[in-house]
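Asks: Protein chains in written order, with this note's numbering: chain A, 1 to 250; chain B, 1 to 388; chain C, 1 to 476.
Incorrect hints may appear among the rest.
As the list claims (entries may be wrong) - Calculated lysine to aspartate or glutamate pairs in the EDC-like style (CA-CA distance at most 20 Å, straight line): (1) A:LYS80 / B:GLU171; (2) B:LYS28 / C:GLU445; (3) A:LYS84 / B:ASP206; (4) B:LYS100 / B:GLU53; (5) A:LYS80 / B:ASP169; (6) B:LYS295 / B:ASP321; (7) A:LYS79 / B:GLU227; (8) B:LYS177 / B:GLU227; (9) B:LYS56 / C:ASP450; (10) B:LYS246 / B:GLU357; (11) C:LYS299 / C:ASP333; (12) A:LYS84 / B:GLU171; (13) B:LYS207 / A:GLU82; (14) B:LYS45 / A:ASP59; (15) A:LYS19 / A:GLU82; (16) A:LYS80 / B:GLU208; (17) B:LYS292 / C:ASP418; (18) B:LYS54 / C:ASP450; (19) A:LYS79 / A:ASP7; (20) B:LYS34 / C:GLU441; (21) B:LYS34 / C:ASP333; (22) C:LYS305 / C:GLU164; (23) B:LYS165 / A:ASP7; (24) B:LYS177 / B:ASP142; (25) A:LYS178 / A:GLU227.
Derived from the structure by calculation, the hints contain no laboratory data.
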Amino acid sequence: MQVVVQDLVTNCDLSGKGKLVLLLHGWGDNLHGLRNLHKTLSSKYQVLSLDLPGFGNTDAPTTVWGLDEYGKFVAALLKKLELKQPYAVIGHSNGGAIAIRMVAQGLLNPERIILIAASGIRSDQSVRRLAFQVIAKTGNIATAWLPERYRGVLRRSLYGAAGSDLYVMPQLQETFKKTVRQDVQVDAEKIHIPTLLIYARDDDIVPLSYGRRYHHLINDSILAIIESGGHFVHQKQPTQVLEHIERFLA
Amino acid sequence: METVAVIFGGRSTEHDVSIITAIRSIIKPLELTKHFRVEAVYVSKDGSWYWDEKLKDITLYTSGDITGFLNKHHTLNVQFDGGLTFFKTSGITGRKTTQKIDIVFPSMHGTHGEDGALMGVLDMANVPYVGCGVRASAIAMDKVLAKQVVQANGLPVVPFVYFTKDQVDTEPLKCLKIITEKLHYPLFIKPAHLGSSIGISHASNDKELQNGLEVAVHYDDKVIVEEAVHNLIEVTLPIMGNNEPKPALLEQPLTSSEDFFDFDTKYIGGKKGGSKKGGVKGAQGYSQIPAKLPKQLEKQAFDLGLAVYRALECSGIARIDMLIDEKTGVVYFNEANPLPGSLYAHNWNRAGVSNVELVSELIRYGKERFAIEQQLNTTFKTSFLQQF
Amino acid sequence: MINQLLSLYSPHYPKILVYMLQASEYKIGPYIAWLHRTKNFNTVSERRTLNLTKPARLLLSALGLGILAQIFAGLLLIYLGIWHHLAGGIVFGVAVLISYPLLWPYLLLIPLLLGRALVDIPTETRAAHQTQDALAQHKSIKIAVTGSYGKTTMKELLLTVLGEGFTVAATPGNKNVTKSHAQFVKGLTGKEDILVIEYGEGAPGDVARFAQITSPTHAVITGLAPAHLDKYKTLAAAGKDIFSVADYLKGEQVYVHGDENVQPFLKKSYKVFDEHSALGWRVSDVTVSLGGTSFNMTKGKTTLKLKSGLIGAHQVAYLSFVAALSRELGMSDEDIKNGIAKTMPFEHRMQPYRLHGAWIIDDTYNGNLEGIRAGTRLLKTLPARRKLYVTPGLVDQGEETEKVHKIIGKLIADAKPDMVVLMQNSVTKYIQEGLKGYKGEIVLEPKPLDFYTNLAQFVAEGDLVLMQNDWPDNYS
Numbered sequence: 001m002q003v004v005v006q007d008l009v010t011n012c013d014l015s016g017k018g019k020l021v022l023l024l025h026g027w028g029d030n031l032h033g034l035r036n037l038h039k040t041l042s043s044k045y046q047v048l049s050l051d052l053p054g055f056g057n058t059d060a061p062t063t064v065w066g067l068d069e070y071g072k073f074v075a076a077l078l079k080k081l082e083l084k085q086p087y088a089v090i091g092h093s094n095g096g097a098i099a100i101r102m103v104a105q106g107l108l109n110p111e112r113i114i115l116i117a118a119s120g121i122r123s124d125q126s127v128r129r130l131a132f133q134v135i136a137k138t139g140n141i142a143t144a145w146l147p148e149r150y151r152g153v154l155r156r157s158l159y160g161a162a163g164s165d166l167y168v169m170p171q172l173q174e175t176f177k178k179t180v181r182q183d184v185q186v187d188a189e190k191i192h193i194p195t196l197l198i199y200a201r202d203d204d205i206v207p208l209s210y211g212r213r214y215h216h217l218i219n220d221s222i223l224a225i226i227e228s229g230g231h232f233v234h235q236k237q238p239t240q241v242l243e244h245i246e247r248f249l250a
Numbered sequence: 001m002e003t004v005a006v007i008f009g010g011r012s013t014e015h016d017v018s019i020i021t022a023i024r025s026i027i028k029p030l031e032l033t034k035h036f037r038v039e040a041v042y043v044s045k046d047g048s049w050y051w052d053e054k055l056k057d058i059t060l061y062t063s064g065d066i067t068g069f070l071n072k073h074h075t076l077n078v079q080f081d082g083g084l085t086f087f088k089t090s091g092i093t094g095r096k097t098t099q100k101i102d103i104v105f106p107s108m109h110g111t112h113g114e115d116g117a118l119m120g121v122l123d124m125a126n127v128p129y130v131g132c133g134v135r136a137s138a139i140a141m142d143k144v145l146a147k148q149v150v151q152a153n154g155l156p157v158v159p160f161v162y163f164t165k166d167q168v169d170t171e172p173l174k175c176l177k178i179i180t181e182k183l184h185y186p187l188f189i190k191p192a193h194l195g196s197s198i199g200i201s202h203a204s205n206d207k208e209l210q211n212g213l214e215v216a217v218h219y220d221d222k223v224i225v226e227e228a229v230h231n232l233i234e235v236t237l238p239i240m241g242n243n244e245p246k247p248a249l250l251e252q253p254l255t256s257s258e259d260f261f262d263f264d265t266k267y268i269g270g271k272k273g274g275s276k277k278g279g280v281k282g283a284q285g286y287s288q289i290p291a292k293l294p295k296q297l298e299k300q301a302f303d304l305g306l307a308v309y310r311a312l313e314c315s316g317i318a319r320i321d322m323l324i325d326e327k328t329g330v331v332y333f334n335e336a337n338p339l340p341g342s343l344y345a346h347n348w349n350r351a352g353v354s355n356v357e358l359v360s361e362l363i364r365y366g367k368e369r370f371a372i373e374q375q376l377n378t379t380f381k382t383s384f385l386q387q388f
Numbered sequence: 001m002i003n004q005l006l007s008l009y010s011p012h013y014p015k016i017l018v019y020m021l022q023a024s025e026y027k028i029g030p031y032i033a034w035l036h037r038t039k040n041f042n043t044v045s046e047r048r049t050l051n052l053t054k055p056a057r058l059l060l061s062a063l064g065l066g067i068l069a070q071i072f073a074g075l076l077l078i079y080l081g082i083w084h085h086l087a088g089g090i091v092f093g094v095a096v097l098i099s100y101p102l103l104w105p106y107l108l109l110i111p112l113l114l115g116r117a118l119v120d121i122p123t124e125t126r127a128a129h130q131t132q133d134a135l136a137q138h139k140s141i142k143i144a145v146t147g148s149y150g151k152t153t154m155k156e157l158l159l160t161v162l163g164e165g166f167t168v169a170a171t172p173g174n175k176n177v178t179k180s181h182a183q184f185v186k187g188l189t190g191k192e193d194i195l196v197i198e199y200g201e202g203a204p205g206d207v208a209r210f211a212q213i214t215s216p217t218h219a220v221i222t223g224l225a226p227a228h229l230d231k232y233k234t235l236a237a238a239g240k241d242i243f244s245v246a247d248y249l250k251g252e253q254v255y256v257h258g259d260e261n262v263q264p265f266l267k268k269s270y271k272v273f274d275e276h277s278a279l280g281w282r283v284s285d286v287t288v289s290l291g292g293t294s295f296n297m298t299k300g301k302t303t304l305k306l307k308s309g310l311i312g313a314h315q316v317a318y319l320s321f322v323a324a325l326s327r328e329l330g331m332s333d334e335d336i337k338n339g340i341a342k343t344m345p346f347e348h349r350m351q352p353y354r355l356h357g358a359w360i361i362d363d364t365y366n367g368n369l370e371g372i373r374a375g376t377r378l379l380k381t382l383p384a385r386r387k388l389y390v391t392p393g394l395v396d397q398g399e400e401t402e403k404v405h406k407i408i409g410k411l412i413a414d415a416k417p418d419m420v421v422l423m424q425n426s427v428t429k430y431i432q433e434g435l436k437g438y439k440g441e442i443v444l445e446p447k448p449l450d451f452y453t454n455l456a457q458f459v460a461e462g463d464l465v466l467m468q469n470d471w472p473d474n475y476s
């Protein structure tokens with residue numbers, strides 16, 4: 001389904017009946033990344049997933065956005081679709097950071113929060129790692145010396161298949177840099193809603209230590225550790241992840 | 001040997017599809033006929049025209065090298081010399097190369113190409129070209145105009161209403177009122193001029209209708225709202241020819257749970273039209289050729305397709321999309337495509353026309369129409385100038 | 001002109017020379033002839049390239065070293081001429097330097113001949129002795145298969161059909177030289193009931209020699225045609241060689257496909273078969289489709305209804321013979337029926353496949369007039385919306401070239417295809433002469449590869465395309 005929100009044509013998927021569950025995907029991903037959660041949960045709940053601006057089939061933002069702009073956008077979408085506050089929000093990776101920020105700012109007032117491999121903690125080490133990711137993903141600095149044709153190839157191989165929009169849309173590069181530098185630890189402390197944290201032990205993009213940190217910051221939280229599954233643990237270990245989610249939501 | 005200029009790319013959303021149509025389905029078979037010299041003309045997304053032998057290589061576009069290539073090359077120069085002649089200066093010496101064009105094969109989909117804009121330029125240049133003329137192209141590419149013309153010819157179309165972007169923006173409630181008074185849910189809302197499935201929404205209630213209208217005017221300055229057909233069988237019929245149009249086979253696109261084709265199914269891998277039972281994967285995902293229809297419906301669809309082709313004054317080639325209500329047995333005209341993606345060669349192949357034959361025939365029809373037009377008396381002797 | 005000259009100095013030149021030698025099957029005469037015919041060496045291996053086998057690699061390194069040595073010698077002479085005032089050093093040096101492409105095509109033959117004398121001939125002799133001993137002791141029925149055409153088909157049919165009732169082994173692929181016979185013998189268990197051995201004829205005396213080595217009990221002569229005449233010179237010489245296997249068997253258990261050319265060689269004791277009869281069986285009711293060929297065989301009150309996957313009425317002569325021979329050797333009717341049903345088209349031999357809704361009959365390995373006769377006859381009988389016939393013509397026709405290709409032209413015209421595609425070469429004009437009066441479209445294709453790789457662009461539903469013969473580079 002397409003709707004116009006903040007003058008951006010937005011692609012979203014609303015299905016199922018019952019209490020509303022909102023799904024927020026991570027950076028470089030789109031609503032297909034959470035498809036298995038959407039499908040399973042929509043048998044018991046009304047589920048809304050969307051392509052965040054700049055990803056999938058939703059228009060890209062025309063200015064540089066941070067977590068706040070994404071948060072406001074999601075709130076505007078809910079309003080547009082005439083939906084009430086969701087019962088639960090599920091955020092993966094950067095989608096988790098958006099969820100934390102939205103709840104802290106009062107843009108979202110769910111009864112349950114589920115954060116899967118949520119990012120949003122910016123230590124020295126993480127900034128260094130993310131700096132590398134920025135370079136890898138935008139590819140500008142590292143490959144500036146290469147002829148155009150090789151740069152393209154290199155950037156594609158570094159960035160993988162996650163989404164080619166990044167290096168064709170300069171404004172999105174800035175949006176990325178702005179977004180990943182934002183720390184939401186202060187926001188997490190403000191959350192007093194039951195929260196489920198799901199992290200994989202072998203996640204090398206957003207490490208388990210972030211999960212422990214959020215567990216410490218959010219007083220009503222449960223930390224579920226999945227032994228293996230990497231950053232996309234909900235795709236690699238769908239049964240385990242869904243089991244945790246369904247029990248938590250019930 | 002005659003020289004054919006194939007013009008592709010362009011400033012439309014279907015830029016990429018147009019490249020594939022040109023290189024795979026037009027240039028390659030034209031060269032294989034050995035009867036034509038083929039000149040490739042690529043119109044970039046910003047509207048610059050380029051003419052170069054290397055533009056025939058698909059990898060130039062798939063690798064992304066095209067950007068670098070365009071930076072290094074000059075744009076096309078043309079002489080309107082009672083016909084069409086290309087020229088370019090190259091190298092340090094500034095050597096001038098010219099090439100007289102005998103016939104043009106437009107390979108543009110969507111706006112500024114398939115909609116008659118390019119054909120207008122070619123008419124002005126007095127050069128023969130393949131496919132529909134200005135009028136047919138312009139009418140076919142406007143979903144509202146096409147339906148009005150077809151309706152005026154006494155042929156069945158689904159009930160519809162239309163609005164300008166301005167109407168939707170300023171008086172959305174009035175639009176809603178008009179729609180709900182005249183039409184019954186479920187409805188389809190479409191931008192009037194866009195190809196593919198971009199900006200199309202399906203609505204079962206007022207809220208969805210309102211959202212759909214907003215999305216459609218985001219893409220186009222005119223929107224059409226029409227009733228959805230119940231017990232729907234979608235079919236499409238490629239047709240070629242001038243005065244005696246010749247149909248290919250009725251083709252039924254196979255879609256899954258999705259209510260209509262989205263861009264991905266149509267052009268990227270057809271992964272959603274995944275049903276393989278007896279279907280073939282063509283330019284438009286999976287489809288059934290020939291469509292499995294009762295004899296009576298099949299005949300009706302053929303007749304309607306050909307009647308629409310004539311009513312819209314199509315020439316050369318076009319593809320007519322139709323909607324069938326299986327229960328009532330009514331076949332409705334849906335829309336016309338003056339230049340079907342990849343020429344719908346997969347369907348023509350099944351109808352016994354090879355790719356090489358297809359492009360040869362289309363060139364022949366292009367020349368035939370041009371010859372007929374040349375015979376018409378277009379100049380009149382007047383003494384108008386003498387009075388000054 | 002410049003390109004031709006430059007092609008001599010191309011870095012690929014040595015590779016092309018070795019390729020030409022390899023493509024001429026290391027035969028010196030054809031290689032030299034090809035060498036003299038070639039103007040631009042860069043265009044030689046357009047369709048195929050050098051297959052880096054062990055001999056090819058050895059030759060290539062010998063050639064490379066030789067050329068390097070000559071270049072070095074030339075440079076040394078020039079150096080001496082410039083710095084040490086060696087009289088004529090520069091001139092000779094340059095001459096030595098630039099002459100390498102002229103010398104080495106011939107000098108290349110030295111390592112070839114050396115290799116042949118020191119390695120090939122002794123190995124071959126040893127191999128022949130081993131084969132001879134092993135086969136003399138083998139108690140099985142040994143069927144020799146020879147002829148100017150159809151040998152591989154006959155061998156495969158015997159293997160498939162007889163295999164239903166017996167343990168059968170046959171010489172592999174279409175390799176048919178002493179070496180592969182030796183290899184074949186090594187792989188035998190000793191428990192085989194029947195051995196099928198294909199004889200490749202190349203030069204006068206070959207067949208007689210093979211008969212000595214393999215001691216056959218039966219011989220099948222598949223037919224005689226003007227093929228491989230480069231070596232035999234005349235059809236009579238070829239026939240004499242082929243029929244020497246009959247002399248070895250003293251005329252007993254010799255089966256001959258009775259085509260027009262074998263007639264002068266026939267003796268009373270030989271059993272002749274053709275598409276109408278085989279070993280006393282009468283053949284009738286032949287029907288051909290793209291799914292296969294069916295026919296009936298009758299002898300006295302017995303009738304066998306058979307269906308093969310092979311395509312074409314011309315296959316019936318071989319099929320009915322194989323069926324009749326199988327029965328004579330004691331196989332049951334049921335086994336014969338199953339065996340014949342299992343016969344399928346071989347790769348590139350009347351092999352049908354679908355493309356864009358069209359039927360393509362791939363007969364590109366066929367290389368003789370009989371095959372063309374059969375093919376064009378099939379094309380004529382099969383129904384199709386549009387028929388295409390594709391061929392470059394035939395190789396190896398010697399003095400008969402012009403005559404044979406005019407016949408080919410007539411056969412094609414008689415089949416009435418809608419389009420004839422001729423791969424352009426030296427015989428094209430003769431085919432065109434034969435095509436006089438043909439009403440359809442004739443397309444001359446200078447780049448065969450272009451046509452074959454783009455075949456899908458030319459065909460559509462209801463088309464029938466018959467492709468016959470592949471035209472190797474060395475005859476272009």
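Asks: Each hint should be assessed against the structure and marked as holding or not.
Replies: A quick look at each hint next to the structure:
With a C-alpha separation of about 18 Å, the suggested pairing of LYS80 of chain A with GLU171 of chain B holds against the 20 Å cut-off. The straight-line distance between the Cα atoms of LYS28 of chain B and GLU445 of chain C is roughly 16 Å, inside the 20 Å bound, and the hint therefore holds. Note on LYS84 of chain A and ASP206 of chain B: the hinted pairing holds, with a Cα-Cα distance of about 19 Å set against a maximum of 20 Å. For the proposed pair LYS100 of chain B and GLU53 of chain B, the alpha carbon gap of about 15 Å is at most 20 Å, so the pair holds.
Our distance criterion of 20 Å between C-alpha atoms is met by LYS80 of chain A and ASP169 of chain B, whose separation comes to about 16 Å. For the hint pairing LYS295 of chain B with ASP321 of chain B, the CA-to-CA distance comes to about 18 Å; that is within 20 Å, so the pair holds. Under the criterion of a C-alpha separation no larger than 20 Å, the hint pairing LYS79 of chain A with GLU227 of chain B is inconsistent with the structure, at around 28 Å. Restraint check: the Cα-Cα separation between LYS177 of chain B and GLU227 of chain B comes to about 15 Å, which is no more than 20 Å; the hinted pair holds.
Between the alpha carbons of LYS56 of chain B and ASP450 of chain C the distance comes to roughly 16 Å, so the proposed pair stays at or under 20 Å and holds. Using a Cα cut-off of 20 Å, the hinted pair LYS246 of chain B and GLU357 of chain B holds, with the two alpha carbons roughly 14 Å apart. In summary, the hint linking LYS299 of chain C to ASP333 of chain C is supported, as the alpha carbons are separated by about 13 Å, within the 20 Å threshold. For the suggested pair LYS84 of chain A and GLU171 of chain B, the alpha carbons sit about 27 Å apart, so the restraint of at most 20 Å is broken.
Taken as a hint, the LYS207 of chain B and GLU82 of chain A pair is honoured in the structure, with Cα atoms around 9 Å apart against an allowance of 20 Å. For the proposed pair LYS45 of chain B and ASP59 of chain A, the alpha carbon gap of about 18 Å is at most 20 Å, so the pair holds. Using a Cα cut-off of 20 Å, the hinted pair LYS19 of chain A and GLU82 of chain A holds, with the two alpha carbons roughly 14 Å apart. Taking the CA atoms of LYS80 of chain A and GLU208 of chain B, the gap is about 11 Å. The hint holds against a cut of 20 Å.
Between LYS292 of chain B and ASP418 of chain C the CA atoms are separated by roughly 32 Å; this puts the pair beyond 20 Å, and the hint is violated. A threshold of 20 Å between alpha carbons decides the hint, and for LYS54 of chain B with ASP450 of chain C the separation of about 18 Å falls inside it, so the pair holds. Between LYS79 of chain A and ASP7 of chain A the alpha-carbon distance is near 14 Å, which keeps this suggested pair within the 20 Å criterion. A distance of roughly 13 Å separates the Cα atoms of LYS34 of chain B and GLU441 of chain C; the hinted pair therefore holds under the 20 Å criterion.
Taken as a hint, the LYS34 of chain B and ASP333 of chain C pair is broken in the structure, with Cα atoms around 55 Å apart against an allowance of 20 Å. Distance restraint check for LYS305 of chain C and GLU164 of chain C: the Cα-Cα separation of roughly 17 Å lies within the 20 Å cut-off, and the hinted pair is therefore satisfied. Note on LYS165 of chain B and ASP7 of chain A: the hinted pairing holds, with a Cα-Cα distance of about 14 Å set against a maximum of 20 Å. With a C-alpha separation of about 24 Å, the suggested pairing of LYS177 of chain B with ASP142 of chain B is violated against the 20 Å cut-off.
Using a Cα cut-off of 20 Å, the hinted pair LYS178 of chain A and GLU227 of chain A is violated, with the two alpha carbons roughly 32 Å apart.
Consistency with the previously given hints fails for numbers 7, 12, 17, 21, 24 and 25, ordered from lowest to highest.
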